[in-house]
Structure formats: structure tokens, C-alpha cells
Amino acid sequence: MRIFNELLIVTGLSSPDLMRLIVSAPMRYKTYQIPKKNKGWRTIAQPSKEVKILQRAIQSLILDSCIVHSSATAYEPGTSISKNAEVHAQNRVILKLDFRAFFPSIKPVDWRKYAKEKLDLDDQSISVCEYVLFWGGGFRKPAFLSIGAPTSPKLSNILMYDLDVQFARICKDHHVDYTRYADDITLSGQSIEALVEVEKQIAVVLSKAPYPKLTFNGEKRGLYTKKARRSVTGLNITPQGHLSLGRERKRIISSMIHKYTLGILPIEELYTLKGLLAFALDNEPAFVNRMSIKYGSDAVKKLQKLHIPSRADRVKS
Numbered sequence: 063m064r065i066f067n068e069l070l071i072v073t074g075l076s077s078p079d080l081m082r083l084i085v086s087a088p089m090r091y092k093t094y095q096i097p098k099k100n101k102g103w104r105t106i107a108q109p110s111k112e113v114k115i116l117q118r119a120i121q122s123l124i125l126d127s128c129i130v131h132s133s134a135t136a137y138e139p140g141t142s143i144s145k146n147a148e149v150h151a152q153n154r155v156i157l158k159l160d161f162r163a164f165f166p167s168i169k170p171v172d173w174r175k176y177a178k179e180k181l182d183l184d185d186q187s188i189s190v191c192e193y194v195l196f197w198g199g200g201f202r203k204p205a206f207l208s209i210g211a212p213t214s215p216k217l218s219n220i221l222m223y224d225l226d227v228q229f230a231r232i233c234k235d236h237h238v239d240y241t242r243y244a245d246d247i248t249l250s251g252q253s254i255e256a257l258v259e260v261e262k263q264i265a266v267v268l269s270k271a272p273y274p275k276l277t278f279n280g281e282k283r284g285l286y287t288k289k290a291r292r293s294v295t296g297l298n299i300t301p302q303g304h305l306s307l308g309r310e311r312k313r314i315i316s317s318m319i320h321k322y323t324l325g326i327l328p329i330e331e332l333y334t335l336k337g338l339l340a341f342a343l344d345n346e347p348a349f350v351n352r353m354s355i356k357y358g359s360d361a362v363k364k365l366q367k368l369h370i371p372s373r374a375d376r377v378k379s
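Every number in my numbering is 62 more than the matching position in the sequence shown, counting from 1.
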């Protein structure tokens, strides 16, 4: 497949105009920062509208047909936060690991190695994908995946396939369950010893992997038993093995709904409340039902269907 010819058809651009867009794509990003949960800032880089068109075309033409491991539970059809957590709900011990700077650690060289090994693409097509899919970080040459590009999640899962296969095999040999939600790895089993042994073995595999070159963030490592509060991808696991939003999150949602029914919830917080309700409905619908009983089903339904004008729309009005 010659991807350049396919993009000519998708975009309707002339060959010179398309080439100019491709070679400048790594620079066509708008960046901003958001605070991390604990400390520091995370850089979000969103590609321009024109680059997004190219990225989505490449995803449809190439990426969507690539294999992703079943243990990768983020961004894929049929997967969810709750399904990721359910894998570990009945186990006694949970070990959580985290990759350091996950997206920025995935480089164009990783894509080239994967494409040459597994895809039927000519060199020009591999290069075109490289320029379209990778952010330059302020420079003209593609440098790494960005947090904010629509194709980064899918491409990261694709490039992690071989590692996921090896991690899952090691875990199966030790009767340990394994899932990976983007950069978050969760291992669970019945004994601490088994999890520690698996951790050692996957660390060796990671250090020898030809691509991508990743390291674990030791500061985010956590080992939890039923005696401690256990959380997987934002959901609490009760000692009985049930998934829960958590007491504090429920308290916040209930308080915000109460303020909404009184007409005193600031409009800026409606964004947060609507998102929290959607999250709750996906992961603990019984709690949403209780909120409907407590505050009235009409109020909760109205919140769920609420159209919240953007800041730009409010300024115009």
C-alpha cells in the first residue's frame, strides 16, 4: 500500500500541497498544560484540524487492522475502566506499576521497526506515517507520540503488542492476572511472592525489548492486600470483590447534585458534574439510581441530557 496515494484521495489535495502538509505536520500542534494528579504538569499537544484528518485516515487505512493484545484495556472497542478492574476484583493481592513518560517514550524508530517487521508498507509510506503520527515537540522532525493526538492511544497499544504478549505469558505461568490500561499495569493474584516474582521477570523483559524503550516509575509502584484500600483505574475494589466509585467521590457527586437542585451550582462545575455522572453510570449504575430516588429522577435525567454552552458561546452571548 502506498499511503501517500490514499491520502491524496482522502484529502483532495494536490501532490505538492499534500507533501507540504505532511513534512510540516510535526510542527502543526497547539500545546497547553494541565496539572497532574499529584504534582507537576502534563503537556497536551493537539494536532491541527488538517493533521487530524491525515491521522484519522491512517488509522482507518492501517492502524485499525493491526493486532492489539486482549490485556490492553484502554481505548479499544468493548473495553472500559470497569472491565479492567473486574479482572482483579476477586484476587487477594494487587500490584500496580506505571511506565514513566509513556507517550513521550514512544519514538518514530519504534514505529519503523514495527512497520518493517509486521506490515506490508514501502519505505515512503512508513516515512509518511512517521511524520503524520508523531509530534515534533516544537521542532520540524517527528520526535514522539503526543498526548492529545487521536491516533496516539491506538498506536501505543499496537507498538506494545509484543510486550503485552510476553507479560501475559509470564503472568499465566505464575497464576497471576495481568491488564494494561495505557501506562498503568495491574497485576493481581493470591500471593505477594508470585507478584514480586512476576515483577522481576517482566522488568527483565522490558529492559531487553527492542521497542519501545520504556522504564517503570518506581514512585508509582504500589502493593495492596485486602487490608488496604485497593483501587484499579480509579475504581475501588471492596473486600467482598465488588467495584465501587468510592465514598469520597460519591459524597462529592451527591453534594453537587444537591446544589444543582437548589440552583446554586456554578455553571463551571456543571461540566464536572455531568462527567462524574456519566462515569458513575458506566461503573456503578446502582449509585445513580439512588441519586435519582434521593433528588428526583427528573433532576438527574435533566443533568444527564444537559447541553452546557462552551466558554466561547457564553462570551458571544
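No wet-lab data here; the hints were simulated from the structure. Check each hint, because a few of them may be wrong.
[Said to hold, decoys possible] Keeping only pairs whose Cα atoms sit at most 20 Å apart, straight-line, the calculated SDA-like set for lysine to any residue is:
#, residue 1, residue 2
1, K175, V267
2, K99, G210
3, K203, L80
4, K92, V267
5, K111, K99
Hint check:
1. Pair hint K175 plus V267 holds up; C-alpha atoms about 18 Å apart against a cutoff of 20 Å.
2. About 17 Å separates the Cα atoms of K99 and G210, which keeps this hinted pair within 20 Å; it holds.
3. For the given pair, K203 sits about 17 Å from L80 by alpha-carbon distance, which is consistent with the 20 Å threshold.
4. For the hint pairing K92 with V267, the CA-to-CA distance comes to about 36 Å; that exceeds 20 Å, so the pair is violated.
5. Among the hinted pairs, K111 with K99 is inconsistent with the structure: their alpha-carbon atoms are about 29 Å apart, more than 20 Å.
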